[in-house]
Structures are given as structure tokens and as C-alpha cells.
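Residue numbers (numbering that gives the first Met the number 0): 0 to 74.
These aren't lab readings, by the way, just hints derived from the structure by calculation.
Just so you know, even glycine gets a beta-carbon here, dropped at the ideal spot from N, CA and C.
Misleading hints may appear alongside valid ones.
Stated by the list, open to error - Calculated pairs, SDA-like style, for lysine to any residue (alpha carbon to alpha carbon, straight line, at most 25 Å):
| id | residue 1 | residue 2 |
| --- | --- | --- |
| 1 | K49 | T5 |
| 2 | K49 | T15 |
| 3 | K20 | Q2 |
| 4 | K16 | E57 |
| 5 | K20 | T5 |
| 6 | K16 | S1 |
| 7 | K49 | Y27 |
| 8 | K16 | E48 |
| 9 | K49 | V19 |
| 10 | K16 | Y27 |
| 11 | K49 | I3 |
| 12 | K49 | I4 |
| 13 | K16 | Q2 |
To be verified - Computed Cβ-Cβ distance ranges for the label pairs, DEER-style:
| id | residue 1 | residue 2 | range |
| --- | --- | --- | --- |
| 14 | E48 | L18 | 15 to 21 Å |
| 15 | N61 | V6 | 15 to 21 Å |
| 16 | Y47 | S1 | 22 to 28 Å |
| 17 | L30 | S1 | 31 to 37 Å |
| 18 | E46 | S9 | 17 to 23 Å |
| 19 | F13 | F37 | 31 to 37 Å |
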Amino acid sequence: MSQIITVEVSLEEFDTKSLVKELYYRVYDHLHDEEPRFDRFLERAGEYEKDSLRQALEEIRNHRSNNVVKLYDND
């Protein structure tokens, strides 16, 4: 027997680290997956804009940018 529970939460409930990670995966998926998950925002963006966003998010995730707060201090 399967039960579904639906909970409404605000984006403010999620830490920035989790949001950056999710956004990175969505952009990466949209650029590289043969059948990416539909995303209206990413559908409208050009390849250059999507790849620029992916690169910026990757820099943040990998601590390579000196201009951002390190989000993965404990990782």
C-alpha cells in the first residue's frame, strides 16, 4: 500500500549550498542529457548563457573563485 504525503515549503527553508547544487545539476542536465528534464527557463536560454551559468556554478562548488563565499567548508 503506497501513500503520498505532500508538504508545501518555502525556498527559504533550503540552504544556499543545496540550491546551488540543484541548479548546477539542472543546468548540466539540460546541456548534456539526451533527454533533459523540461525547464521553461532553460529552454529559453541560449547555449552560451547556459554554459556560462554552469561554469559559474561549478566554480562556486569547487572553491575556485576568490570572489564567492566557500559553500562547502565542511565537505
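Hint check results:
1. K49 <-> T5: 31 Å, violated
2. K49 <-> T15: Cα-Cα ~20 Å, so holds.
3. K20 <-> Q2: 29 Å, violated
4. K16 <-> E57: Holds - the C-alpha atoms of E57 and K16 are around 12 Å apart, at most 25 Å.
5. K20 <-> T5: 23 Å, holds
6. K16 <-> S1: Roughly 32 Å between the alpha carbons, so the hint for K16 and S1 is violated.
7. K49 <-> Y27: 8 Å, holds
8. K16 <-> E48: This hinted pair holds, its Cα atoms lying about 22 Å apart.
9. K49 <-> V19: Holds, at about 14 Å.
10. K16 <-> Y27: Between K16 and Y27 the Cα gap is close to 16 Å, so the pair holds against 25 Å.
11. K49 <-> I3: 34 Å, violated
12. K49 <-> I4: 34 Å, violated
13. K16 <-> Q2: 30 Å, violated
14. E48 <-> L18: 15 to 21 Å: 19 Å, holds
15. N61 <-> V6: 15 to 21 Å: 32 Å, violated
16. Y47 <-> S1: 22 to 28 Å: 44 Å, violated
17. L30 <-> S1: 31 to 37 Å: Distance hint for L30, S1 holds at roughly 34 Å.
18. E46 <-> S9: 17 to 23 Å: 32 Å, violated
19. F13 <-> F37: 31 to 37 Å: 22 Å, violated
The earlier numbered hints that this structure contradicts are 1, 3, 6, 11, 12, 13, 15, 16, 18 and 19.
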